[in-house]
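**Student:** One-letter residues, chain by chain:
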Amino acid sequence: MWAAVMGRPAITQSIRVRRLSDFVAGVRTTPGRLRLLRAITVGLVVLLAVVGTLAAVQATAGTKAVTGTSEPLVVDAVAIYSSVADANTVAAQAFLSGGLEPAPQVARYDADLREAGRRLADSATRVSTSGRPADAIRTLSEQLPVYAGLIQAARANNRQGLPVGSAYLSEADRLARTVMLPAADQLLAEEQQQLAHDYSAAKARPLLALTAFLALALAGVLGVTQIFLSRQTRRTLNPGLVASSAVLLVLVLVVGVITLLQSLRFADARRDGTDPLDRAAHARIAALVQDSDESLILVRRSSSADFEADFQAGHAKLLGSGGEAGLLERGGAAAKAAEAYAATHEQMMKTLAAGDYNGAVALELSTEPAGGASAFAALDRAISAEVSDAQQQFTDAVAGTETMMSALVVLIPIGSILIGLLAVLGIRPRLEEYR
Amino acid sequence: MRIKRLAFNIALIAVVAGLGACSESPQPPPQASAPSTTAPATADTSCGDPTASLRPPDQLPAPGNMPEGSFMATIAARGRVVVGTSQDTLLFSSRNPFTGSIEGFDIDVARLIAQAVLGDPNKIQIVVIPNSDRIKDVQNGTVDLVAETMTINCQRRAAIDFSTVYYQAGQKVLVPTTSSATSLDDLGGKTVCAVAGSTSINAIVTSPAHPKLLTEPTWGECLVAFQQNRADAISTDDTILAGLAAQDPYAKVVGPRFTDEPYGLGISQAHPEFTRFVNGVLAQARAAGTLEQIADRWLGRYSAPAPLPDARYRD
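If you're matching them up, the sequences are chains A and B in order.
Its first residue numbered 1, the first sequence is counted upward by one per residue in our numbering.
Its first residue numbered 1, the second sequence is counted upward by one per residue in our numbering.
The shape of chain B in the complex, shown without the other chains (with noise of 0.2 Å):
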């Protein structure tokens, strides 16, 4: 009796430390803990649950219809939703080859809000942004999201907002099929390729097998770097890696996931309302079966279909 009662009593105080701690001011960027091959990390929670988002209205307006001053009446008088993402991330948004127009994953989200805005998906603008550049770009408003296989994260929290989750990812390593490496921490000496700007990077610096690391500026040019034995691994989320290995038989991914990678899209601090109108969207993408249609199309042949991550709000 006694100790559930001190065990109630250590998870009140926990809980309402927790809370406490979200209205703290940014924390400096999160040490990741040492990967281990069995379990995923722990993410860090220094600024409480970073994938809470903003709650969505109970009713969404209607395309056309956006409120007077909102961020949505101002998409909506430009004619279209300007999207930052990147063109070589096969699955997620690449450019198809043989159209020369990009889609992907994200461009399939993004065209959600476009709908749900504009009334036509077909009415996104597609900017290019490296990794580096994702939050100056939502900040400074050259985009009006960003759906770029972002990792939410507390570091990037404190800089600008992001919606709810929208697929769940992890980190693997992609290897030559012929080698007998299952995890970073068989690759001591190896050089590992990522691109600069990644949460992906964090992962390698802090492996106690010390790879060596090797940054592109795209992962597609990682592909280039590992086809021109100038890398001997990419490490990076499972999605990605399956994108990279669809195009290159003598690559595989391996080894369970050792990091949570939420994918949120990147939207400005400075209109909250067009958070909560995204979230909304999302939401009853999720309740229509959309997003797991989605997922479906997109990732279904490579990787068996990972449970969409229930949204959380944090008022």
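With the rest of the complex left out, here is chain A (with noise of 0.2 Å):
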């Protein structure tokens, strides 16, 4: 009556003011704390829904990262590198014995330039168009063509007998040693930046906790339902309410052993994959740069210490030096062939110093079974061994959790609408006796 004396609006606010008021007075009564009960259920199972989903869509983004995009360009910014400082070693090497280049020499440059610019194609498509990798890749593919341009030039004056040949290339080994190669370097650092980031994505811890902590959390608004429920009524179990807290039950278990596997792949991920994976790579660009520094103390002629300096630098990296460990296992097939490669260089080293230059060039150059040549070869041989061997535990580690983390976006969803679900259900019946 009151409505009718007051017009629409105010009825519809009567009724609202009526059913709050109601509501409020009505949690004192059983309905009423039925309803509340209900409402918190499906507001937390609406929260675990959307929480779950999200952590586990970034769980899996994360992992697809790791697998399909980071450690490939980790691998490929590797390649990369050791490519450019490679063919610039061979190209220097190629003129030390005077005359046309050797053809394996030729053969070997070529195939190097080959494989940078396969790699740099295939990093391009799948690194962001902004951002510093992206600015890396751009440089080594600006300047690559530079730099052949200026080896083909040298090339093509050594043929004719010019001198000028040996400037093009001090040009060329310039601008492979201050731009291409520390643009390769800084891509190799971004990437395994980027990799580290994409695990602790992949795991999505945050999120994870939260999802666990909204899990706790209706579980227990479940248990207090039944709890209340069994006591109000005459009824101990409440069926709606059992089959929502065993699939709740169920969805955590497997929620919790696929998040658990994932972690423990990881970790072997880790562990036996991108670890050796960042040493492998850092000892192959120790050994490429201790080649380089032997073939310019050749080519350069010169007196300066700085490169032998570097070369031994190089050398107490790959095999530790003053009790801390390096970057080749100790012992092994790697280990052996730098310390082999390193007593090739020692006898260089003194031929040099004898005054015999085309003794020491032709010792460096030697592909005979104790020659410098070989040497190099055996260790980078050795070393790639290792990067391979790396990427092959990396894959084996983590096959299949791409799926798993998958199957978790389809299933935390459809189980938390399960549970609001059969929540519903089981009490409706109750609530409709106190109508």
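Note that these hints are calculated values from the structure, not bench results.
Fair warning: there could be bad hints in the mix.
Unchecked claim - Calculated lysine-lysine pairs in the BS3-like style (CA-CA distance at most 30 Å, straight line): (1) B:K123 - A:K350; (2) B:K212 - B:K136; (3) A:K350 - B:K136; (4) B:K190 - B:K212; (5) B:K123 - B:K136; (6) B:K252 - B:K212.
Claimed, not checked - Negatives, chain A to chain B, calculated, CB over 10 Å: (7) D185; (8) V221; (9) L264; (10) R381; (11) I417; (12) E432.
What the hints assert, rightly or not - Distance ranges between label pairs, derived from CB positions: (13) B:V205 - A:A103: 45 to 55 Å; (14) A:E346 - B:G141: 16 to 26 Å; (15) A:M349 - B:N140: 15 to 25 Å; (16) B:K252 - A:Q160: 44 to 54 Å; (17) B:G188 - A:E368: 52 to 62 Å; (18) A:A103 - B:G188: 26 to 36 Å; (19) A:A305 - B:N96: 19 to 29 Å; (20) A:E368 - B:N122: 22 to 32 Å; (21) B:G289 - A:R159: 34 to 44 Å; (22) B:N229 - A:R114: 28 to 38 Å; (23) A:Q143 - B:K252: 24 to 34 Å; (24) B:G100 - A:V146: 23 to 33 Å; (25) B:G141 - A:D122: 47 to 57 Å.
Where is the CB? At the ideal position from N, CA and C, for every residue including glycine.
With the hints as a guide, bring the two chains together.
**Tutor:** Structural data, given as structure tokens:
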């Protein structure tokens, strides 16, 4: 009758007021409390579905990034650095012996440049168009043809017997050392950082923790509801709520097992794959720098002791010094190859110090078993084997993780909805008794 | 009569003053006088005659019989002469692309020394040093001597010793064949390349036409800059330019010499007996015509044979 006097808006207002005040007053009554518990349950279920799905989506995206993008990018970056460094050293060595460059050296140089170009193109498709990795890739893509042009000019002049060829070689070498190799180095560092970042994104710790908390809260509310109901009614168990709790338990178990599995697999991938890959990558770079230093000592015929000091620093990095572990596994094939390489280098430096330049050059380029070229080739092969090994371990460890995580993206929302539905269906008959 | 007397007195005073100036402490770096296009710039004489070296002994010791304690004995004991030089100055010391060995005028002169000390011209060890390190590497003993188209001047004489002059060069300019420039004065606003640490830079930076200077580590790399259009010209000794122009049909060397560049072997002041020995070897080579033959072998094709300068001694 209030409503009839006040008009329509007033009616809805007063109905609302009546409902709210009724509700508040009704909390003291059993149906009111039931309704409250039902509301909280539904609210938690919705939150659980949303947060849980978000967590699953992030974990899946992170896993995909680790396995499909970041790790391949790290491998590509190592390959780019190696190709450019090797090409540069080989180009310099090709000039050492005078006359036309030996065909195997030319072939190796060409193969290196092709590899660098191919890896650059692959990497370009995987990185986003802005950011430091993209900048590094752009620099390398721009300078690679310039570098190749300078080497070609060096070769053309060399072929005609014009000494200016070695000046072109110096220019190319400077371009490689001051622009291209630092860019490749930067690319590698950025990709390694990105990989570490993706590992933690794949774990989605904060969101998973929140999901777990919500699941716990939901379990608590369901438990309270069931206890409340069994006290107020003569029925001990409510089938809907029991079913709902069972589904919640199953969901929690499944999610728990999957995330645990993913965590273990990733730990394996890191220990057997990514970390050894990092070490092998740095070892490869250190070995290449050593090779380049050795060539420069001969090409420049310089009195400067800088390159020799650099060579020894690289040796210390590879095999460790002063009790610190080196990049290479002690006693492994690569470590032995590094020792052998250092020994041939020693021999070459002695020959050079005795004034026999031509002998030193012959020793460095020799493909005999005890020669410099074979020793370095053996070292490079051994380290490359470590790189591929680490890559394989990684692939094996992460096999299937992406599928597991994408299963969660489906399971969590469906499970949550099921829990909510069962809970509501369980409460409804009890509520209807009070009408 | 009186005027003649006056003139004689003035000349006498000048000579005495000049001799006195020789023993003065090192002078500040010489300012190159403004290069004219018609006559070579006057050389810096603040230390007297920088090309005057130490007089050689009348009789040179035979190879294998070097006096005890002398630097030549040290070299003999080591078994080779360590020579500091470049490896891409064509005609003077550059790498032969066909054989991989370094050869040229400077190398041949160094081989004369090796022949005299060790009896074998092949017993030289070549160490490549950039122009800017020449003085340092002689002083600290990294090399026994420097044979790297090194111009003798008072500033350098303060730090190291020089042999007598073994070749007289002069600065010129290298330009594209399509250019009408004939000297630095015509290159206002253009980029001229030179090597850091060379005396050639002086003339470029003090030229009234104010060309822009580009420095590279070696003369070969100046040619690369020229071929890549980063430099419009190169300026240095005509002998070096001849070697560069020989490698590029689109380059030509123009104009008269506008500086005097007497070449000497750089030797440390710590062992004057070695300087005397080297001067003795050079004197013998001059007398026997060997030095002329070497000059002809390397430079005959590119320039009219310049008369080899006489040796000058200060004691």
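**Student:** Just double-check A:E432 for me: nearest Cβ-Cβ distance to chain B has to come out over 10 Å.
**Tutor:** holds (91 Å)
**Student:** Quick one, are A:K350 and B:K136 close enough, alpha carbons at most 30 Å?
**Tutor:** The given pair, whose Cα atoms are some 25 Å apart, holds under the 30 Å limit.
**Student:** For the range 24 to 34 Å, tell me whether the beta carbons of A:Q143 and B:K252 fit it or not.
**Tutor:** Distance hint for A:Q143, B:K252 holds at roughly 33 Å.
**Student:** A cut-off of 10 Å on Cβ-Cβ distance, and A:I417 was said to be off the interface with chain B. Does that hold?
**Tutor:** holds (70 Å)
**Student:** Okay, A:E368 versus B:N122 on CB: inside 22 to 32 Å?
**Tutor:** holds (26 Å)
**Student:** Is the Cα-Cα distance between B:K252 and B:K212 30 Å or less?
**Tutor:** OK: B:K252 and B:K212 at ~20 Å, within 30 Å.
**Student:** Measuring Cβ to Cβ, find out whether A:D185 lies farther than 10 Å from everything in chain B.
**Tutor:** holds (24 Å)
**Student:** So does B:G188 sit 52 to 62 Å from A:E368, Cβ to Cβ?
**Tutor:** The hinted range 52 to 62 Å holds for B:G188 and A:E368, with Cβ atoms some 59 Å apart.
**Student:** Using the Cβ atoms, figure out if B:G100 sits within 23 to 33 Å of A:V146.
**Tutor:** Since the Cβ atoms of B:G100 and A:V146 sit about 27 Å apart, the hinted range of 23 to 33 Å holds.
**Student:** Does the hinted range 28 to 38 Å hold for B:N229 and A:R114 at CB?
**Tutor:** Given about 30 Å between the Cβ atoms, the range holds.
**Student:** Beyond 10 Å from chain B, beta-carbon-wise, is A:L264?
**Tutor:** holds (57 Å)
**Student:** So is A:V221 really clear of chain B, every C-beta pair being over 10 Å apart?
**Tutor:** holds (77 Å)
The structure shown violates the earlier hints numbered 16, 18.
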